[in-house]
Structure formats: C-alpha cells, structure tokens
Amino acid sequence: MASLSEATPSTPLESLKRVPDPAGRFGPYGGRYVPETLMFALDQLEAEYYRAKADPAFQAELDHYLRDYVGRPNPLYFARRLTEHLGGAKIYFKREDLNHTGAHKINNTLGQALLCLRMGKPRIIAETGAGQHGVASATAAALFGLECDVYMGAEDVRRQKLNVFKMQQMGARVVPVESGSRTLRDAINEAMREWMGSVERTHYIIGSVMGPHPFPMIVRDFQSIIGEETRRQSLDILGRLPDAVVACVGGGSNAAGIFYPFIDDKGVELVGVEAGGRGSSLGDHAATISFGQKGILHGMMTYVLADDDGQTSPVHSVSAGLDYPGIGPEHSFWRDQSRVAYASASDDDALDAFRMCSRLEGIIPALETAHAIAHVMQMARQRSRDEVIVLNMSGRGDKDCYEVARLMGEKID
Amino acid sequence: MNRIDHLFEEARQRQQVAFVPFLTAGDPDLETTFRVARLIADIGQEKNIPVLVELGFPYSDPLADGPTIQTSYAHSLDRGTTVPAIFESVKQFRQESSAPLAGMVSFSIVHRRRPEAFMKQAKDSGIDGLIIPDLPVEESEPLRTIANSLDLKLIQLVAPTTRPDRLPKIASSATGFLYYISVTGITGERRSLPVDLQKRVAELREQTRVPICVGFGVSEPEQVRSIAEIADGVIVGSALVRRVGEIGPDRDLAKIESFIRELIQPLAR
Numbered sequence: 090m091a092s093l094s095e096a097t098p099s100t101p102l103e104s105l106k107r108v109p110d111p112a113g114r115f116g117p118y119g120g121r122y123v124p125e126t127l128m129f130a131l132d133q134l135e136a137e138y139y140r141a142k143a144d145p146a147f148q149a150e151l152d153h154y155l156r157d158y159v160g161r162p163n164p165l166y167f168a169r170r171l172t173e174h175l176g177g178a179k180i181y182f183k184r185e186d187l188n189h190t191g192a193h194k195i196n197n198t199l200g201q202a203l204l205c206l207r208m209g210k211p212r213i214i215a216e217t218g219a220g221q222h223g224v225a226s227a228t229a230a231a232l233f234g235l236e237c238d239v240y241m242g243a244e245d246v247r248r249q250k251l252n253v254f255k256m257q258q259m260g261a262r263v264v265p266v267e268s269g270s271r272t273l274r275d276a277i278n279e280a281m282r283e284w285m286g287s288v289e290r291t292h293y294i295i296g297s298v299m300g301p302h303p304f305p306m307i308v309r310d311f312q313s314i315i316g317e318e319t320r321r322q323s324l325d326i327l328g329r330l331p332d333a334v335v336a337c338v339g340g341g342s343n344a345a346g347i348f349y350p351f352i353d354d355k356g357v358e359l360v361g362v363e364a365g366g367r368g369s370s371l372g373d374h375a376a377t378i379s380f381g382q383k384g385i386l387h388g389m390m391t392y393v394l395a396d397d398d399g400q401t402s403p404v405h406s407v408s409a410g411l412d413y414p415g416i417g418p419e420h421s422f423w424r425d426q427s428r429v430a431y432a433s434a435s436d437d438d439a440l441d442a443f444r445m446c447s448r449l450e451g452i453i454p455a456l457e458t459a460h461a462i463a464h465v466m467q468m469a470r471q472r473s474r475d476e477v478i479v480l481n482m483s484g485r486g487d488k489d490c491y492e493v494a495r496l497m498g499e500k501i502d
Numbered sequence: 005m006n007r008i009d010h011l012f013e014e015a016r017q018r019q020q021v022a023f024v025p026f027l028t029a030g031d032p033d034l035e036t037t038f039r040v041a042r043l044i045a046d047i048g049q050e051k052n053i054p055v056l057v058e059l060g061f062p063y064s065d066p067l068a069d070g071p072t073i074q075t076s077y078a079h080s081l082d083r084g085t086t087v088p089a090i091f092e093s094v095k096q097f098r099q100e101s102s103a104p105l106a107g108m109v110s111f112s113i114v115h116r117r118r119p120e121a122f123m124k125q126a127k128d129s130g131i132d133g134l135i136i137p138d139l140p141v142e143e144s145e146p147l148r149t150i151a152n153s154l155d156l157k158l159i160q161l162v163a164p165t166t167r168p169d170r171l172p173k174i175a176s177s178a179t180g181f182l183y184y185i186s187v188t189g190i191t192g193e194r195r196s197l198p199v200d201l202q203k204r205v206a207e208l209r210e211q212t213r214v215p216i217c218v219g220f221g222v223s224e225p226e227q228v229r230s231i232a233e234i235a236d237g238v239i240v241g242s243a244l245v246r247r248v249g250e251i252g253p254d255r256d257l258a259k260i261e262s263f264i265r266e267l268i269q270p271l272a273r
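Going down the list, the sequences are from chains G and F. Read in my numbering, the first sequence has 436 at position 347, and its numbers run on one by one without any break. Read in my numbering, the second sequence has 17 at position 13, and its numbers run on one by one without any break.
Fair warning: there could be bad hints in the mix.
[Unchecked claim] Covered, in the sense of this in silico footprint (three residues per stretch, anywhere, with C-beta under 8 Å from a C-beta of chain G), are these stretches of chain F:
(1) 63-74
(2) 163-177
(3) 251-262
Hints are computed from structural coordinates only; laboratory data are not their basis. Where is the CB? At the ideal position from N, CA and C, for every residue including glycine.
Chain F with its partners taken away, still in its complex shape (with noise of 0.2 Å):
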C-alpha cells in the first residue's frame, strides 16, 4: 500500500490528525532539511501524531509562493541543488524512515525532465506523492495516467476560487488527499484565516472521500487547532521554512524542536 494511503487509512482508524509539515530540499543543505524531516517524524511518533513530509523541490519561479519560500528556494537554488541530488537524499531518507513524503514540484521541473522519467526516479527514490502546483486538472491527465501506473499519488488542490462546477473533476481525479487553499493568494504566515473556512471543507467533503488537507497561511497552534476540526491533515510551510533558514552554522535543531513540539501539541492524541 502506497505509504500516503496507508497513513491516512491508520489516522482514520485511530481519529488523528496528521501533521504536513513544508520544507524546502536544500536550504539550508539538503542533509539538514532531511534531519529536520527525520526529526519532526520523530516528534510525532512519541507524540502519537501522523507525520507526512512535503518536500518543496526548489525552483527559479513560483508564482504561488510568497516572499518567504521564495528566498528559501532561491538560497537552494544558489547553492547547486539539482533534482538528482534531491533524488539522491530521499533514497537515503528511506534507508531511515518510512514517513510519507510528498513532492511540491513546478510542472517546468517536471516537463523539463519529462514526465515519465521525473516521475519513476520519484517513486524509485521513495517518493510517495506529488504535487504539482502549476498543473491545473485540465492540463493533468497525461501525468494522472503515468501516476497510476506508479502507484504514486497525484494530489490536487482547490482553492477559495475555485468553482462549484469544477469541484467534481479535481475531486474525482483527486488521488492521496486533497490540498485545501485555505486562503485566496500566495503562500505565507498570516495572522487569522478566514471564517468560511470550515464551511468551504465541509461542501469539499460532500465531494469526495479523498482526506482533505489544509494548508496556507497556518503559523500558530491555535490554528493548528481550528484546522484539526475539520481537516484530516494540517499543511504548515512558511513558518517552518522561515525558522529552517534561520538555523545557523553550527546546524543546531534545538529552536527547530521547541517550535515544532508547541506547534502541533494540539494534535496530539
């Protein structure tokens, strides 16, 4: 069973909530951002909480991205991360840990590489899902093809704008979970998040029984704790991604820790 599948099929079971946390491969180097992966697996294991790592593959232009997984990317990018070296770090992330992994990758990356190649060397390096922010279900169904075939997830997004009328075909062709825009824009911190939010997931859920997982925005745990109501995972990027790049020569995790523990206290069971 695909390793994304099976976490969310567990959760259900035992009424959790999992935990997505963002990080970017490369910033500060591609073996800290996978000790903090192997580290925030850990805290949730002790804290009986599922963990599902959403790797951010690094790219030139993200157009949904805001200014702080935009510099983030960029000081990756400055040091030489290539996607084979990204390949290379997940295949040894695998010889420690069997928590899910999700790439966010930009159809430029993906397209570049071609499709069938980028996708198998994902799955054969331990990729269990991807996301692929710039490819709108109409322009998917090649890729949904491939996916299949790999048994590798290909998750799908819905924003606030997103129509009643098109909520169907993502749904249906939604595989893993879905990725709820919790708010309308590029991704960041933000004080509050909006109030039609649980209305918003709850007409998502009459559409599919895919998990729905929640991200953009969320920084706090009070957050954390609203999202938990209604979503089956809580998605945090950029208050993640701003402490990763904050961490010093000496790669010290300990502030990486304190934060992640307060973080996501409120999903622990």
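The shape of chain G in the complex, shown without the other chains (with noise of 0.2 Å):
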C-alpha cells in the first residue's frame, strides 16, 4: 500500500537521530545559552535553514560546488601497507583530506557561505584553531565575494603560519587573539563578540558542531556528507557496512559527519579519539569526555573541562584543531547514549601515527587525524582480519610540518 509506506517516517520514532528537538536540545545538551543581543541573529539563522533545506535549488547549488569546487565525492580507500604491517583488521580511510582546501572543514563553510548569502549579509567571521576553518571559510568568502575576519589565538598564529598567509592571500582578514590561552577557545570568544556588534550585516561560519543551536545541527547536516558517502562506498566496495568508523574529535564536526549517517546501523561500531596530550591531569590533555563533566560552554551545555567554580581549564594538545575544552552538544548525547565510545591519544603517539602513516601509506596527516589513526593502529591489532575499520582522513598534514619539524629539532624555514 503506496500510502501507507510514505506514512512510514524514513528515521523511525526511536531513533537517535531524531534530535535536537526544536529548542536545540540533544537530550539535555545543547541549547542557547548566549546574550540576548545574539537571540535575533540565532532565530534568524535557524529559520533561513530550515527554509534552504525544503529548497531543492540550495541543494542543488551546494551539490554543485561540493562536486564541482570542492571534488566529491572522495575515494574511500584501502590502507594496504597500513594494514599488512599491524596484521589485523582491514583499514580503510574516507580520503577528506583530498578535498580543496585540505580537510573536512570546507563542507561546512560552503553550505554556511550560502545561507550567508541567502541572508542578504555581505560579510562572514570566522574562528579557527588549528587554521583549517579559517582556511575554509577564506576560501568561500574568496568563491562567493563575500568580506571575511578569522579570529585566531595569537598562540595558533605561530603555530599555523602557513594557513594565516594562505588566509590572506585569499583576502581574509586574520585577527590574532591575545585574550586568556590565546588559542582556539580565545578565539571562539572574540568571534562571538565581534558577532554580536554586527549580527545585522554579518553571518558567524562556527566552524564545528558546537556553539548555541542551530550551529551544531547546521554543521552536523553539512558535515554529514563525509557518512552518506562512506555508507555508500561500503556498501558498493565491501558489500556490507565496516564494522568500526572512528574520527578524531575536538569540538567535533569531522566526527559528527561521519558518524550521523551511522547512529542507526547498531552493528557499526563508532569510536570519537580524543587529544590524550601530555598526560591526565588538568591542563595536560584536551579530553573532554574522558575527564570532563556537564557544563556550559560557548553557548552550549555539554561536556566541559572546567574547576569547581564552572571556570574553564586551560587544555593542551599537540594540535591545534584538538586544543579545546568542549566537545560539541551532540556527542555528549551519543556518549550518554552510550552510541559511541570516546578514547584519547597522546601527543607522542600522534606524532608516531603521523611518521607511520606518511611512511607506509605516503599520506602525510593532519596532526589532529593522527590522532584518531594511533587508536586504530592499536584497534586493529586487536580485531581479525575479517573486519573493516573506516578512519576519517579528516585533513591533510602540510600545515603541521613545521610543528613537527620544531617538535623533532628541525629546522625546515
């Protein structure tokens, strides 16, 4: 009977995907927890979404650029030498790292530079951390003509050179952040304040799932891509679906969008790899999940690395797109779900991962995606050589190497 499956909702009732609910809510994380001055701006945005996601014609435009500009969709591709060499289970990476602009960041900024442009704002900010974002959101500004401020802890200035001049050269404006930690959290700080001067005129690019709703579930949507495909790609080249898919998470979106399209296939295990750094105590690491609690932060309740007085913690990771004391709503609520585990790598065992897989594999990795590919080192050595691991290659490494040349006593400028 044609009407009574088109009656039968595509995600079922009991799906976890179902969320948020309309006051942004992934079970009790998310939320809105900003000033009133940017409650215009949020309702606005929610509702222009809404409006260009029942628009085939925004699709159709986004799907155009996806293809087209940015090269989708990417290989999803057997990891050889990868696997021979730990002796068990068959890895596979979903290849965002070939996309322009380097990484997964650029999914997000294309769509969110269109809503921009529905919107009727000329001009877009942006944070960024370990440059990426940044990096991406120039670039769709560059695309679609639009004025473009990245604010970047003064801290990830020197660390990211590389991605600040690629910014400019593209016309972004990099303004460096010398406020607290002077790095990603800083920067998302000065961002949102800048935003709330000028919602009339100008369109916030957040650049994870994270922040007050709709960010999260925006980014999350964009992001998804990254999943539909691998789903995709699984089915056409291993008949089946992998049996674990596992990302590096700092506020999440490279994880959100490969995992989403998986909440419901409960034989697949997901995995979120958290920066381990230095060591477990406060201040050392960036693993919120794993050593944080129930918070505010940034517009969001969600884990958060904060004292006892709800003030946050200083973090540290080796990378810079990691180096974050929250994690986006909606991983929280899959974490409590217990849907996805979360683990975390170190510093020193990013950098192993990130020599292992340029060596065995000639795909030099984002120090953030190394990160995830040291727990799958260790998870494939555990697994039978029957099942299939899929790794986020969220982004490519060129902007770390002089970080690790530094951290390796190189000097390569």
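Two chains, each in its own frame: build the complex with the hints.
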C-alpha cells in the first residue's frame, strides 16, 4: 500500500537521529546560553536554514560546488601497507584530506556561506584553531565575494603560519586574539563578541558542531555528506557496512559528519578519539569526554573541562585543532546513550602515527587526524583480518610540517 | 521587602533615578571592591541618589564583555577569587551596608555550583538579585521558580536586537528591574549612545511596570543625564572598572571618589 509506506517516516521514531528538538536539545545537551543580543541572529539563522533545507535549488547549488569545486565524492581507500604492517583488521581511509583546501572543513563553510548569501549579509567571520576552518572560510568568502575576518589565537597564529598566509592571500583579514590562553577557545569568544556588534550584516560561520542552537545541527548536517558517502562506498566496495568507524574529536565536526549517517546502524561501532596530550592532569590534555563533566561553554550545555566554580580549564594538545575544553553537544548525547565510544591518544602517540602513516601510505595526515590513526592502529592489531575499520582521514598534514619538524628538533624554514 | 524592590519603590515616590555601578568582585582584591561599593553608596546617600551595586562574578569566558571587563575578570581570577570567597565578602559588606546588590554571573558558574545551592547561598549572603547574561528567557524557567521562592530577583535583559514578539515574554518574567542594553555589541565605553535609545526605552515601558535600567557604553556625566530622562536607573560598568583596576598598591580611592561625584551629579535631587 503506497499510502502506508509514504506514512512511514524514513527515520524511525525511536531513532537517536531525531535530535535536536525544537529548543535545540540533544537530550539534556545543547540549547542556547548566549547574551540576549544574539538571540535574534540565531532565530534568523534557524529559520533561514529550515527554508534552505526544504529548497531543492539550495541543495542543488551546494551539490554543484561540492562536486566541481571541492572534488566530492572523495575516495574510500584501502590502506594496504598499514593494514599489512599491523596484521589485523582491514583499514580504510575516507579521504577528506583530498578535498580542496585539504580538510573536511570546506563542506561546512560552503553550506554556511550560501546561507549567508540567502540572508543577504555581505560579511562572514570565523574562528580557527589549526587554521583549517579559517582557510575554508576564507576560501568560501573568496568564491562568493564576501568580506571575511578570521579570529585566531595568537599562539595558533605562531603554530600555523602557513594557514595564516593562505587566508591572507585569499583576501581574508586574520585577527590575532591575545586574550586568555590565546588559542581556539579565545578565538571563539572573540568571534562571538565581534558578532554581537555586527549581527545585522555579518554571519558567523562556526567551524564545528558546537555553540548555541542551531549551529551544532547545521554543521552536523553539512558534514554528514562524509558519512553518507562512506556508507554508500562501503556497500559498493565491501558489499556491507564497516565494523567500526573512527574519527578524531576536538569540537567534533568531522566525527559527527561521518558518524551521524551510521547512528541507526547498531552493528557499526563508532569511536571518537580525543587529544590525550601529555598526561591526565587537568591542563595537560583536551580529553573533554574522558575527563570532563556537564557544564556550559560557548553558548551550549555539554561536557566541558572546568574547575569547581565553572571556570574553563586550560587545555593542551600538540594539535591546535583539538585544543578545546568543550565538545559538540551531540557527542555528549551519544556518549550518554553509549552509542559512540570515546577514547584518547597522547601527543606522542599522534606523532608516531603521523610518521607511520607518512612512511607506509605516502599520506601525511593532519596532527588532529593522527590521533585517530593512533587509535586505529591499536584497534586493528586486536581485531581479526575479516573486520573492517574506516578511519576519517579528516585533513592533510602540510600545515603541521613546521610544527612537527620543530618538535623533532629540525628546522625547515 | 526585597532591597531592590524597596529601592525602586522609594525612588519612584521621590522621583529619583538610581545609579547602578558595576564592580568586578576581586579586582584589585575583594576588600577594595567592597570599599569602593561602600564609598559609592555613601556618596549616593549624601547626594540623595539611590545606589544599587552590580557585582560581577569574574568568569573565564565572558561572551558579552569588552576588553576592560575581560581584563578585570582575568586579574581577579589570577588572584584566586572564588565564588565562596565572594559570598563571604558580601556577608561582611551586609554588616555595614544596606545598599541593594545584584550579582552579574555567568550561567556556567551558577550551573556548576548547582542553581538551587548557588541561589540560596547568594540570598543568604545578602545578594538581592541575579543578572545571568547568558541565560535567555527561554532557558531561565527553572531558575525563576527557585528565585521566586527565595525572593531573589532574576533580572532579564533586553537588547536593541530583541524583536517585538519576544518582548512580552521577557517583560512578563522580569523581576527587580529590566536591564536595557543600549547598544548592539559588547560592554565598553562609547562616545555616543544610539539616537533611537529614547524611543526603544519608551516602547519597552509600554510592555512592563518593572523599573528599567540602561547600561552598556555609559561613561560620561552627559550620558548619565540623558539616560536619567528616560530610565529608572543608569548602569556604569567599564568606565568605573577601568579606574578601579588602576587603583595603586596604596589602595587610595581619591580618584574613584572624584570620578563618581562628577559622574552622578546629574542624578542629584
């Protein structure tokens, strides 16, 4: 009966995918904890997003840019030598590193830049940690002729000079943020403050599945193309779904993007890998889910690293992109639902994985991604050869070469 | 009667406009913060100006604040200021002063210390109301219930970007006073205030009988004078916080005193 099948929702009612609710909640997480001044912009963005989502012309335009500009779909690649070296489960890489600009971030910035155009705003601002989101925002701004200011912690400006140069070449202004820890968290604070004074003509492109509603939902949706492709490609190449999908987690956008389409596939194990830094003491890592508790940061309720007074704790990671004391609210929800497992990899493990992947596969990964590789290497050794693990190769490591060389005691500039 | 309600009730009867100084708790130290609070309250008494002190709980990631208050919060936290220490200082202040106190505190702090416990401790220590700048009306319902049971005022904010359809909801849930943010943006001193400020406040006045205080960007006597024509209270933050931050190691308050005397002269009756 046609009418019956039409009435059947594609996502079952009990699905964990039916979030957020209208208030922007993922279970108890998410919501909007922002100054009143921003409420108008968030309402406006939410309304515009729902209109765009229902507009086939919007989706067609985004698809066009994702295909012809970004180069999607990118491959699901069998990492033969790494697999043989470890002697366990088969490892596949989802090649987000092959996207234009070298990471998954562009999936989100193109979508949000198109939303910005729909809202008739001539300017975007963005925060950036490692610089990948800043580059992807500057790219989208150049592509669509928008003004672009990128807020970046002064410490990260130093760590990621190459990306700073790239952004400037594309016409963006990079604003070093000197407050607080001078990293990603402070860049977000500064971008939010700037947005408060310019909401009428400016759209803030948040770079991860975080911040006040509707950002976590919008960024997840734009990044979900990663998981949708991976799912299709798995069925094509393997004839089945993978046994596990692994991704690194800072704010959590590449992980949310690859996990979300698999959320209802209960047989697929999902693992997020946080930055374990140099130790388990507060201040030595950025492993928010592993060590944090429920709190408020950057407009959302989620797991955070904070002290007894709710003051945000300092964090450390070798990778500027994971150096964040919070995590997207949907990850907190998935954690509490036990749908996604969260692990961590140390600075040293990530650096080892960075070198191993470069040597064995000829792929220099981003330091963020190297955390996930480190965990996959551990997992693969313990799994049978029949099993398949997909790793989200979220970004390439060109940007990290200077920093890795510095840590190795070599000088290349 | 709650001290905030009492202050505005008296001010209404006497046709006075209140002065609302904002001070960061713990910058340069808690003792000085409350010495400044008492000083301002005394000047107010002398000049017949009602004074309501807004006490900022320092927070690591204040979204709505400009560089002056950010820096001040950072100084206070670097000195080791904690929530229990602030409550302790408020208790001591209460033994010497009956000036109403409104705590400006991030929901991150309230949430981490559990809203019920935080609000009870705030009330018990002598705080009369809370301004939680990152808790919009949609998220504030559970706290309103607790606040009402404690007779603690939960002060709501209205911004220039607040659309008319949200106003009734905010106005109807406001207690103590309504905080009108005069400019679109963060806290900080500004040369001039928006031209439509008067119109916006008048619109707000139609929605509510709760007193309206105006803040953000106020730093000069002339601005105080023009706001006093339309509002029930004038809030001054960054301009004062900057000067308190410049107090020397001898903790001499002479410069603060002359600044305040000049600033609030337009409110004297």
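So, going through the hints one by one against the coordinates:
1. Counting residues of the stretch 63-74 of chain F whose C-beta sits closer than 8 Å to any C-beta of chain G gives 10, which meets the bar of three, so the coverage hint holds.
2. A count of 7 residues in the stretch 163-177 of chain F with a Cβ less than 8 Å from any Cβ of chain G is obtained; the coverage claim is therefore met, three being the minimum.
3. Proximity of the stretch 251-262 of chain F to chain G, defined as three or more residues with a beta carbon under 8 Å from a beta carbon of that chain, is not established by the 0 residues found.
Hint check: a violation occurs at hint 3 only; the rest are consistent with the structure.
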